[in-house]
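Participant: Just so you know, the protein sequences line up as chains C and Z, in that order. Each step along the first sequence adds one to the number in the working numbering, with nothing skipped, and position 368 is 368. Residues are numbered in the working numbering as their position in the second sequence, beginning at 1, plus a constant of 1000.
In short, the hints are calculated from the structure, not lab data. There could be a bad hint or two in this list.
[Unchecked claim] EDC-like mimics (lysine to aspartate or glutamate), calculated; alpha carbons at most 16 Å apart, straight line: (1) Z:K1284 to C:D59; (2) Z:K1229 to C:E365; (3) C:K498 to Z:D1398; (4) C:K98 to Z:D1388; (5) Z:K1262 to C:E194; (6) C:K98 to Z:D1265; (7) C:K104 to Z:D1184.
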Amino acid sequence: MLLAVALLAAVAMPAFAGPFEDAVAQFSEATFADSEAAVARLAVTGSPMAATIINALQDGRLYADSDAKKVYLKGADGKVTDAVTGAAVSDIPDNASKLRLNNKLRRAIEAALGSLTLLSPDPAKRVQAAQTVFKSRDVAALPAIDSALKTETNPAAKTAFAEARAAILLFSPNATESDKLDAVATIRARGDQEALALLSDLPPDQSAAVKAAAASAVKSIQHSLALWSALQNAWYGLSLGSVLLLAAIGLAITFGVMGVINMAHGEMVMIGAYVTFVVQDIIRTSYPGLFDYSLLIAVPLAFAVAGAIGVLIERTIIRFLYGRPLETLLATWGLSLVLQQAVRTIFGPNNREVGNPSWMSGAFEVGQIAITNNRLWILCFTLAVFAILLAMLRYTSLGLQMRAVTQNRRMAASMGIATSRVDALTFGLGSGIAGIAGVALSQIDNVSPNLGQSYIIDSFMVVVFGGVGNLWGTLVGAFTLGIANKFLEPVAGAVLGKIAILVLIILFIQKRPRGLFALKGRAVEA
Amino acid sequence: MTNTLFDAIAKPITRRNWLAATAGLVLGLTAFSDAKAADDTIKIGILHSLSGTMAISETTLKDVMLMLIDEQNKKGGVLGKKLEAVVVDPASNWPLFAEKARELITKDKVSVVFGCWTSVSRKSVLPVFKELDSILFYPVQYEGEESERNVFYTGAAPNQQAIPAVDYLMKEEKVKRWVLAGTDYVYPRTTNKILEAYLKSKGVKQEDIMINYTPFGHSDWQTIVADIKKFGSTGKKTAVVSTINGDANVPFYKELGNQGIKATDIPVVAFSVGEEELAGLDTKPLVGHLAAWNYFESIKTPANTAFIKEWHAFTKKPNRTTNDPMEAHYIGFNMWVKAVEKAKSFDPDKVIDALPGIKQANLTGGISEMLPNHHITKPVFIGEVQADGQFNVVSPDDPKKAKLVPGDAWSDYLPGSKDLEADWVTLKCGNYNKVTKKCGGQNS
C-alpha cells in the first residue's frame, strides 16, 4: 500500500517528465522561436491543460523567468500557478516578465487552438476552428475533422468542416482523384475570395481532370465576385453619400434656406464630435456601464451645445451682415479659425479617442459583401435626421414661420412673425444639426480641431450641386456624388477620382447654375 | 464677380500694409525680448507649427525643446551662457516657414534653429538657411535625397526605417506581395519609389506590388481596404507598407478593424504612426500591426525612463506619450551643445565644422554619431501595436543590443542617386558624383 502511494507520487512529482511538462518548460527561454516550438509541441501532447496554457499565452497571462527557468500561469481569475507543475504560487516574481507575441507566434497559436477547439461545445468556436484549418490546410487535422464531421449537427459548422476537409484533401498528395474533384466542387460552392485564392494556388502535381475542374471553378467564382464587387461599390457609394448628406444637411439650412455663406459650419460639426468625446470621457470615469448608450446621450447634448453656439453667433455677428455675402464669408471664416484654435487650446492639438460602442463595431456579410455596422447605423441615422427635419419644416408652426421668413421676409413680418427671432432659431437649428452630424462622424473620423475643415468643402459642393434651398436636392446630390465617387475610385484612384468629381460638378453647374433641383417662383428672383 | 470678390478681399489690406503691420508686430516683440535678453544669453530658435493642421504633431516638439533648454540652463547653460528659447508659429503654412526662419535669424539673432516637420516646410526654409548661413536641426524621418551644409538631419533616412522594415517582413513574415499605400505628397512618393526599386532588386515581380495614393486627410477608406483585402487573398502572404500621413491613419485603421483584417492575415507596417497617433484610437483591433522607428517609448533603458519621467514632470501630464522625433531633438540638441563646447564658439560656421564626429548617447542604449553627410547613426526597431496604445519591440530580439545603422543621404536603389555621396568634411559637398568625380549632382 505504502509502496503504491510512493509509486504514484513518483509518477506525479518529477517536474520535467512527460512531453507536456517539457513543452511548457520551453516557454522559459522567452524567445519567439522557443515559444513557437513550445506551442507546436503542446498542441500534440493531448493534455487537457494545453488549451489553457495556449489561451493564456494569447491573452498575455503567461510569464517566464529565463534565468530560473520557470513559467508562471496567471489564471483568468488572477490566480497564479507554476505552469509546469500546477503548484500554486502567491504572486509573479519580479524578474519574470510577460511572454511577448509576434504575428508568426499568433498564427501558430491560432493554428494550435484551431485543432484543439474543433470539438468545442460552442458552434461558433467550431466554425472558427474549421476556418483556421481551412487556411492552414494542416494534414494532421484530417482525422479530427473527419470524426467531427460525423457527429456534427449544426449546419454552419458542418459546411465549415466540409470546406476545411476539402482544402486539406486538395493539398494532400495522397488523396484520390475523385476525392479531389469533390473537394473542388465543395470549394466552388463556397465561392468567396479565399476559395478563389485556394483554387488558384493549387500545387502543380494535379491530374488533368482536377486541373480542369479547378480552372472552371476559378472562372465561375471570378464571375460572381465581379457582380458582387459592383454591388459592393454601390453600397460604399450609399455609405459615403450618407456621410456627405449628414455633413451637408445643417448647411442646407444655414446656407441653402437662409442664404448665409457659413464657413464655420465645419466647426459646428467638430463641436458635436467634441461633445461626444466629453460625454464618453465622463461615462468612462464615472459610469462605465453606460458606455453603449454614450452616443444616445451625446446626440441631444451635441444638438443643444452646437445649436446654442449657433444662436449666439447669429445674434452677435451674422445678423449685422444679412445681405452682405462677402463680409459674411470673411467673418464666418475668421470665426472658424477662432473656434478651431479655442478647441485646440482647451483640448490640445492631438486627436481625442472616441470609442465605438459594441453595437457600432464589427461587420456582417451579405453574400460576398462585408457591411460594417458603423456605416450601416450612420446611413440609418442620416435618413432619420433628414426625415425629422423635413417633417419639422412641413408640419410645425416654427417650420412654417421659417419657410415664410426665408421666402418673403417683409410679408412674413407684416403677418406678425418675429423675423429676427426666427432667423436666430433657424441658424441655431442648422448648427444643431451640424452638431448631431459631429456625433456620428466621430465614429469614423479623427476627433481633432481640424475635423470640420475636411467636411466644409464637401458640404458646400453637395448643397450647390443639389440646388440651393431644396432639402430633397441635398439628399439626391449627396447620394449621387457618393455613388459616382465610389464607382470612379477603383478605376481612377482616390486622388484622380476626387478631381474628376470636381470637374464634373463644374461642368454640371455651367449647364444648370441652380443645381439639380432649382427653386422656381418669385422668391428666387428676390 | 470673381474680380470684384478678389478686389474686395485684397483692397482693405494691401500687401504693403500687411508687411508693415507684421513688421511692426515683430519689431514690438523683438524690442520686448531684447530688453530682457542680456549679453550672457544665447538664443535658440524653435520653428514648429502651433496652429493649423500640423499643430497636432509639432506642438509636442516645441514642448520638448523648451524642456531640453530648461534642463541645460539648470546645468549652467553652455560655455557659461544661459540659453533662451525663441518660439515662433509658422502656422502650418509653408511660405510662412521661410519668413519666420528669416525673422529668427536676422531679427532675433538665434544661434541655431530646431524645427520643421513636413518635407515641404524644410524645402521652403533651405534657401534662407543657406543665404544667412545658420543651422537647422530637422528631427523627422524623411525621404532622403538631400544633404545641405546648414542642415543636420536627426530623423531617419529611408535606409534607417523603410528598408529595414521591408527586410523584417520578408524574413520574419515571409511576405511575397506588397501594398505600398501612401498620402499623395513628396515623402511617400519618394519612399515608395525607393521601396519599389528595392523590392524589384529582391526579385519581387511587378504584379505583386500594388501602389496606392490618397489625398491628405482621406477619410473614406472602404474601397481601398476592400481592394487590399482582395489583393491579399491570392494565397501569397501580403503586407501593407503604409506611408499614410498622420490624420488619415485613424479612419484607415478603423476601417481595417471593421472589415476584419487582422495583423495575422495582412500586417500593416507604418512609418508615420507613433505613440501620439495611437493615442486617438482604440487599439484593440490593431494589435499586431507594425511600425518601424528608431525609438519607442516602451524600450526600457535608464536614460529613457529618466527622459519620460522628466517629460511628465515638465508637461505636468502623467500620461503624455513620447515619440521618435522627440528623441531626435534630444539627440540633436545635445550634439549641438557638445559641438559648441568643442568649437568654444556659437559661431554657426565653427559649429557646423565641429558637429561631424560628435557622439551622443541615444535613449535606447546606443551611441549615435553625427556623420560627415550630416545624418546620424540610429538603431532600427520594429514594434507591434499593443492593446494599451504602446509598441512592443519585436525586432531586434534585445532592443538594447540593436545595431546602429548610418543614415544614407542618397539612396542606393534609385538610378538618379546611387552614384551620389554627401561628405561635408573631406569633399565639402552634399551631392558628389562618384562616377564623374565632380560636385553638383547626377548631371555634373
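Participant: Could you tell me which of the numbered hints above are not met by this structure, giving the numbers in increasing order?
Facilitator: The structure conflicts with hints 3, 6, 7, although it agrees with all the remaining ones.
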